[in-house]
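**Q** The lines below spell out each chain.
2 protein chains.
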Amino acid sequence: MSTDSTPPATGLLFEEARSAEIVAASFRGTPDARLRQIMTSLVSHLHAFVKDVRLTPEEWEAGIRFLTETGQMCDETRQEFILLSDTLGVSMLVESLAHRVHGELTEATVEGPFHVIASPRRELGDDINVAGEPGERCVVTGRVVDAEGGPVRGASVDVWQANAEGFYDVQKPDEMGHGDLRGMFTADDDGRYWFRTIVPSHYPIPADGPVGRMLRRTDRHEWRPAHIHFEVSSPGLRTVTTHIFVEGSPYLDSDTVFGVKRSLVREFRLVDDEDAAAAYGVPNPFRSVEFVAVLDREEPQ
Amino acid sequence: MSTDSTPPATGLLFEEARSAEIVAASFRGTPDARLRQIMTSLVSHLHAFVKDVRLTPEEWEAGIRFLTETGQMCDETRQEFILLSDTLGVSMLVESLAHRVHGELTEATVEGPFHVIASPRRELGDDINVAGEPGERCVVTGRVVDAEGGPVRGASVDVWQANAEGFYDVQKPDEMGHGDLRGMFTADDDGRYWFRTIVPSHYPIPADGPVGRMLRRTDRHEWRPAHIHFEVSSPGLRTVTTHIFVEGSPYLDSDTVFGVKRSLVREFRLVDDEDAAAAYGVPNPFRSVEFVAVLDREEPQ
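Line by line, the protein sequences are chains A and B. Residue numbering for the first sequence follows the numbering used here, beginning at 40 and increasing consecutively. Residue numbering for the second sequence follows the numbering used here, beginning at 40 and increasing consecutively.
Treat the hints as calculated values from the structure; they're not laboratory data. A couple of the hints might just be wrong.
All copies of an identical chain are treated as equivalent in the list; a pair is satisfied when it fits inside any one copy or across any two copies.
Said to hold, decoys possible - Calculated pairs, SDA-like style, for lysine to any residue (alpha carbon to alpha carbon, straight line, at most 25 Å):
(1) K90 to P70
(2) K211 to E337
(3) K90 to L144
(4) K90 to T278
(5) K90 to E337
(6) K90 to R139
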């Protein structure tokens, strides 16, 4: 028997001391049990916040204005509420709760707003810097393995990154074209993948809206440390959406969206080796980074 | 010495268990101490909510969509975020925290979205039903007194209300004109005021937006019980923004914005008295309600 037959709430006369309880009672008749749980918890925490700081009518008005402007900043290419969620650490928390890992499994991080176009299919070893952007040349090598260390043959390795000035192709379509610094690779029979690129730069999130104002008023910066995005998947295994971060990048310990986990920081090693450079088809010296993605078994449904 | 010199946050690598603490640390450098307190508390309660319900990425996406649409529903005449705040009981909580009263002092309630035009100045005894709307005729009488019961001579009594179909003038400008069922009165030397009107109806809040969808999905209704708005003020005393509610109105115990306090419910008494009707200039029988507003001394600044 479901709880859908809960009688409608009555007696909702307002009292400050019981405010959360009174409002939560208005949601007692919510047919969907999960939605009921979410609304009840939301009301409880929201009222606790208002009481905790004893929010004034003027502050409440400022909050209403901020939320309204945040919604009105959104369009097809700008999602200011996601930025707000990112800069309050909520996106990262949701991602972490959804993707709890143990042992050697690769940790997840935020997907970010730039995975908006499909990465072009490329061959192992391809250079994803198709527009010939300036920057330090870099070879990325790695493997996709399962929790037991076994190779995941034919795994999909989707990568996207900013250029050496911190821009994604979709931000500079005239100069970078469509698909620059993106690639969809297929791991070989041993789970190995490799490609050529340039070292990405750290960059600021869009800061010309309400979220940017919030960051300035709280003396926070708007920067993310340098990173390459990965989405690694294979049938039967849990997809992991993550980054590798460039060790030594500025803002590594103050990412404005809290995306950095220690396990995801990688040395982009300077290699001075003519033979290796020739073998990879890059000028000597070059940077080299390795990333082994360890995927969990799919959760039973 | 201010705390402005707090060193900038460092070491903000994300960890699920300490997520609120890590994000709060990013606000340590906020120059304004009150804003710092608000952001710290907000982050703490927001993360507690996400963890409490273990919000999934799909639910988070639905939340982002809801907030975005709520912002985009707003324009000059529609404030959907205030509606959201109202229907989650937040507006009422903020109002109550700002206007804590004791003893016989008149309690506050939400101002609502219809106090958007200035009420026309009227003489004591005037009929605010200037458009001649159909409805039960009603005489409102009362006094404005201070906490000791002394008359507040010349107090301003601003009233506004819906008609017998639940509409304010600004919602039906063609039929009701501008200023119908509104009035700005000045109490006499004994603090007394009186005016003629019609009994207002209960009415629904605007429900064609995201907030309306939220109410329907949670099996809540969109109605407010019948009421007359008052804003009573006088120099040196605290302004009170409140309503009187019509005893016996539908939805009195389930106001969708949680505006009802028991002390604000009034009997709109049926009077069958030819002499009284003639004295007030209304047809017999008529309704009569009394409201004594008790104002506190202004808080010391």
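**Q** Hints first: check each against the structure and report whether it holds.
**A** Comparing the hints with the structure gives:
1. K90 to P70: Answer is between; shortest inter-copy Cα gap is 23 Å, intra-copy 29 Å.
2. K211 to E337: neither (37 Å within a copy, 58 Å between copies)
3. K90 to L144: between (41 Å within a copy, 22 Å between copies)
4. K90 to T278: This pair counts as between: shortest inter-copy Cα distance 22 Å, intra-copy 41 Å.
5. K90 to E337: between (43 Å within a copy, 23 Å between copies)
6. K90 to R139: The answer is between: 13 Å across copies meets 25 Å, while 33 Å in one copy does not.
Hint 2 from the earlier list is the only one contradicted by this structure; the remaining hints agree with it.
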